[in-house]
Amino acid sequence: MDKREVEEIYYLMSLGRKFEYAAKEHYMSGEISGFLHLDIGQEAVSVGAMRAFEHGDVFTTYREHILAIAKGIEPKAVMAELFGKRSGVSQGRGGSMHLFEPALHFYGGDAIVGGHLPNAVGCAYARKFQKAQDGVMALFGDGATNGGAFFESLNIASAWKLPLLFLCENNRYAIGTEITRVAPFLEQSKKAEPYMPTIEVDGNDVIAVYEAVKEARSYIQKGHGPIFVEAFTYRWEGHSMSDAARYRSPEEVDIWKSKDPLKRVRKLLTQQYEMSEDEVDELDKKAQAVVDNAVEFATESEEPGVDELFDNIFVERVENVQG
Amino acid sequence: MSKVEMLYREALNRAIDEAMSSDSNVVILGEDVGLYGGSYRVSEGLVAKYGEDRVIDTPIAELSIVGNAVGMAIGGLRPIAEIMTANFALLAFDQIINHMAKYRYMSAGKITLPVVVRFPQGVSRQLAAQHSESYEQMLSAVPGVRVLAVSSVNYAYHALKRAIFSDDPIIFIEHELLYNKKGIVDFDEEIDIFKANIVKEGSDITIVSYLKMVDDVIKAVPEIEQKLNKSCEVIDLQTLNPIDFETIKKSVEKTGRVVIVEEDHYTGGYGSQIASFLAEKLFYTLDAPILRIAGEDTPIPYNRKLELASIPTPESIANRVTQWGESNGL
Amino acid sequence: MAYEIVMPQLSDSMNEGKLISWKVKAGDSVKSGDVIAEVESDKAIMEVQTFKDGIVQELKISEGDTAPVGSVIAVIEDNSTATVEKAEVKKPKTEPKPKEIKTVKESIKKEPEISQDIVEKRRDIKIEIEGMASPRAKALAGQYGIDIVTLQKEGRLPKPTHTQDIKEFIYKRYFTPKALKVVRDYELDYDAFALNHKYRYDEVMRYIEDNDIAMPKPLSTMQKAVIDTVTKAQQKPVYHIYDFIDATLLQEYSSEDKSITVWLLKIFAQAMMDIEQFRSRLLKESIQIYPNASISLAMANGEALYMPVFRDINLKSSDEIAKELAYMKQKLKEGRVSADDLRGSTFGISNLGMTGIERFDAMINADDSGIAATGAIKNGKIAVTLTIDHRLINGWQGAVFMQRLKELAKNEDIFKG
Chain A
-8 MDKREVEEIY YLMSLGRKFE YAAKEHYMSG EISGFLHLDI GQEAVSVGAM
42 RAFEHGDVFT TYREHILAIA KGIEPKAVMA ELFGKRSGVS QGRGGSMHLF
92 EPALHFYGGD AIVGGHLPNA VGCAYARKFQ KAQDGVMALF GDGATNGGAF
142 FESLNIASAW KLPLLFLCEN NRYAIGTEIT RVAPFLEQSK KAEPYMPTIE
192 VDGNDVIAVY EAVKEARSYI QKGHGPIFVE AFTYRWEGHS MSDAARYRSP
242 EEVDIWKSKD PLKRVRKLLT QQYEMSEDEV DELDKKAQAV VDNAVEFATE
292 SEEPGVDELF DNIFVERVEN VQG
Chain B
37 MSKVEMLYRE ALNRAIDEAM SSDSNVVILG EDVGLYGGSY RVSEGLVAKY
87 GEDRVIDTPI AELSIVGNAV GMAIGGLRPI AEIMTANFAL LAFDQIINHM
137 AKYRYMSAGK ITLPVVVRFP QGVSRQLAAQ HSESYEQMLS AVPGVRVLAV
187 SSVNYAYHAL KRAIFSDDPI IFIEHELLYN KKGIVDFDEE IDIFKANIVK
237 EGSDITIVSY LKMVDDVIKA VPEIEQKLNK SCEVIDLQTL NPIDFETIKK
287 SVEKTGRVVI VEEDHYTGGY GSQIASFLAE KLFYTLDAPI LRIAGEDTPI
337 PYNRKLELAS IPTPESIANR VTQWGESNGL
Chain C
25 MAYEIVMPQL SDSMNEGKLI SWKVKAGDSV KSGDVIAEVE SDKAIMEVQT
75 FKDGIVQELK ISEGDTAPVG SVIAVIEDNS TATVEKAEVK KPKTEPKPKE
125 IKTVKESIKK EPEISQDIVE KRRDIKIEIE GMASPRAKAL AGQYGIDIVT
175 LQKEGRLPKP THTQDIKEFI YKRYFTPKAL KVVRDYELDY DAFALNHKYR
225 YDEVMRYIED NDIAMPKPLS TMQKAVIDTV TKAQQKPVYH IYDFIDATLL
275 QEYSSEDKSI TVWLLKIFAQ AMMDIEQFRS RLLKESIQIY PNASISLAMA
325 NGEALYMPVF RDINLKSSDE IAKELAYMKQ KLKEGRVSAD DLRGSTFGIS
375 NLGMTGIERF DAMINADDSG IAATGAIKNG KIAVTLTIDH RLINGWQGAV
425 FMQRLKELAK NEDIFKG
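Going line by line, the protein sequences match chains A, B and C.
For the first sequence, position 209 matches number 200 in the working numbering, and the numbering has no gaps at all.
To convert, take the position in the second sequence, counting from 1, and add 36; that gives the working numbering.
To convert, take the position in the third sequence, counting from 1, and add 24; that gives the working numbering.
Just so you know, the hints here were simulated from the structure itself, not pulled from any lab data.
For every residue, glycine included, the Cβ atom is placed at its ideal position computed from N, Cα and C.
A hint or two may mislead.
Claimed, not checked - Straight line, CA to CA, 27 Å or less: simulated DSS-like cross-link-like pairs of lysine-lysine:
#1 B:LYS39 / C:LYS42
#2 C:LYS256 / B:LYS236
#3 B:LYS146 / A:LYS122
#4 B:LYS263 / B:LYS236
#5 A:LYS277 / A:LYS250
#6 C:LYS357 / C:LYS241
#7 B:LYS263 / C:LYS248
#8 C:LYS42 / B:LYS266
#9 B:LYS290 / C:LYS191
#10 B:LYS85 / C:LYS42
#11 C:LYS191 / B:LYS286
Said to hold, decoys possible - Chain C is nowhere near these chain B residues, computed Cβ spacing over 10 Å in every case:
#12 VAL40
#13 SER57
#14 GLY73
#15 GLY81
#16 ASP93
#17 LEU126
#18 ILE133
#19 ILE147
#20 GLY219
#21 ASP323
Go ahead and model the full structure; you've got the sequences and the hints to work with.
So, in structure tokens, the structure goes:
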């Protein structure tokens, strides 16, 4: 793998983690509100998948800040959205859970678990219909694989041979319920086996994720139909900020923290690509500066006006009488 | 050529056909829309003309029918999703309400969803509780989707065509018993689909209705007019969200008396929204209490006699309006 | 035993079906499960099967025909039940006849009657409050300082009070009964008056004169009917023939009892018998030709214009015609003309001779094929204008008819009968 690419991946992962900590900080100080789902510990999946799937359409869930940034959305536009500002990517109407940028083919931010999968199937249908090259990727957690929308989507995507990459980010917990308590096995790709080929990958190894997604992408682009990739990882933080984490032990969290995906890339850069620790630190500093800048931007941005309340409900505006 | 008599389902078929022939991004998907021709023959002949890629037979998975349509629209198509009945559409309510209605707003207008979701609803003939319901009251309470209730053949054609080319998501409600209704389509007419239609003019009582109940009201009117010796103005709402309050207002300012007839259940029924508007905005023009004639608060029974007792009929409409008129100074 | 195949109900919303094709013909033997026809419902084209073995006796409708759900489309002579019936010889004749079976089927199709109890029982909350009135009535009462509560107690306003009641009250308060009658006749609104005192008749009349207000007069049923008839007549494709008939004999034979009209009826009846198009009537897909000559005759009574029909004139003597004419005049005076008196003609006459008018043309009555307008006698002649419906009678036939009238007017034999 190209050194510059690995460097870029490290930078994005570092940026992602710093972004998440900044979000956490400003949630605690009250500038950010609502639900905030942090991706710390899972950066390898988010960044690896996005780097490997640069051009296609991406449908994802509410834990999507790093995905959005890795797809190309400005960190300051994401932070401003978390702050509920007009300069945010969704102009303060969506918040943390609803980041969208169709210009970058990013339809992130769906907060109904599994609800975005049928949308990804439909989009894949459109891409096949248009004979477009890039295909569609849908990201979801292990928790989404127990719902009806998931099975309907596996079925339709495979029946119609749609160019759709299912990427399951298995972090073992559906909010506070360990997946093996509500599913018969840990590996959710088993559910997809009757429909399509599956690939399992270490979700804390960003290079492995990158390679797996790249291979899967080329499979769907060749018109073979859908494919299923499952990446095993772990979220260090709670499901959202309101999570007291009573369902798992501090020891378990520590074990996973020792498998820090960021440290693994740093090691790779210093050992295999002959970068110095200082050079890598420079990347961290650069990332921190971008995050600081994003927070400053978000803080200083204006809130949307109340007169904008009714904007963008419809294209064609017709009023109902009230007041 | 400009005015042609046809069936309601033929008018719908024609609107879809014309839309598909003028824009190759228009697709229709649903259970049995293709080879079978649609469960009410609305998509008859289209698969032969436009192929299976554009007339898409889906599995029985309503959540996916609407969910996929939303994704297709994101991908640049103009899908028409057909659901066999409103009762099955409940399985797709997550997609309709959480996705279709909200993506545009949540994305600050960056996502545009030109989706039409069509389905029939209402009491047909002895289809029992799980095939006879009406859900316009729930859907018209969802900001982000337009809700049309299609009663006339002319409106069926014009409204569907406009809906397909509208950039907003539209719920297009049909009625099972209207598919074989005959009517005239005026192809030269330019209609505003967000306007109610005055089906019959009158000066003493305003009767507001929509979908099949419009036909039942029209059947009841001669008896009402004869017994009360008053004339009725009949309004077919046509659009439930947005509501054309202007047309209702003009009529009520003239008559001072309003009857609202709907097939869905009395409690929380769509008519309560109209009644609320009248009480809030037109209180001083009212010359009698508002009369709501709605379906009973019961699941729809199978037995024909009970079934008819659970919804308004031309006879019950005539009786109740007459009684109400007599006890309120008419 | 006959087994009836009915138009099946193939969907919940189907009321009738179209027979696309028969798969069997009369005399064919069929087995249970055999397809005997294809029927188009509102949803699709479906096959109709027999559920019994037998021989096709009769196919009741043709391919392409539409029949209501439940109606019999084919009859099959059913072997199996025939044997069953033989085995049950003892059974009395209570077995329903086929005819009765049919009525049962029809009654199934009928919508059941619903008891109104349910409707009446629902949510009837009755509230009685002092001064109960509609919001609109209250607003109006407030505007004119009308105290609803007191007036209701005095029984001068109903409970609840509606706008119309307040309006009535305003009218009665500000207009004397005589003035009010004029206000009503002229459909005046009380808003037109200052309402600062009670208006008298002469004040209202002055207002009417000053403002040049016309009195609206609704059309009577008779006027509406006349408007309807002449409007329809106007739409007919007609042409006219103008000529004279000799009046010598007509004058000679007319008397106090037998007016010229009697003889005109007789002459026209004879001409109609000679040229059948004048005894014809146009229907949608055909023309009806009647055996006798029945003539509608314009008769006026005040504003009312009638065209009573004198039937089978060709069979009647002049005495009989004169009697009928007198009787009809009497009926007209008494206002007893019935709808039946106005039906059955194929040609009409409008005679204005008695007014001195020389020539005019008339409008064809109802479904008649034409009408003759006859004027006053001048220089021993009567002008006759025929107005003829070209759809029934062409110009040649019209001319022949006129020719015939002229001959008959000079034929003394006619005046002997």
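Against the structure, the hints come out as follows:
| no. | hint | in the structure |
| --- | --- | --- |
| 1 | B:LYS39 / C:LYS42 | 25 Å, holds |
| 2 | C:LYS256 / B:LYS236 | 26 Å, holds |
| 3 | B:LYS146 / A:LYS122 | 24 Å, holds |
| 4 | B:LYS263 / B:LYS236 | 18 Å, holds |
| 5 | A:LYS277 / A:LYS250 | 24 Å, holds |
| 6 | C:LYS357 / C:LYS241 | 24 Å, holds |
| 7 | B:LYS263 / C:LYS248 | 23 Å, holds |
| 8 | C:LYS42 / B:LYS266 | 41 Å, violated |
| 9 | B:LYS290 / C:LYS191 | 15 Å, holds |
| 10 | B:LYS85 / C:LYS42 | 25 Å, holds |
| 11 | C:LYS191 / B:LYS286 | 21 Å, holds |
| 12 | VAL40 | 19 Å, holds |
| 13 | SER57 | 24 Å, holds |
| 14 | GLY73 | 7 Å, violated |
| 15 | GLY81 | 12 Å, holds |
| 16 | ASP93 | 16 Å, holds |
| 17 | LEU126 | 20 Å, holds |
| 18 | ILE133 | 28 Å, holds |
| 19 | ILE147 | 37 Å, holds |
| 20 | GLY219 | 15 Å, holds |
| 21 | ASP323 | 4 Å, violated |
In summary, the structure is inconsistent with hints 8, 14 and 21 from the numbered list given earlier, while agreeing with the others.
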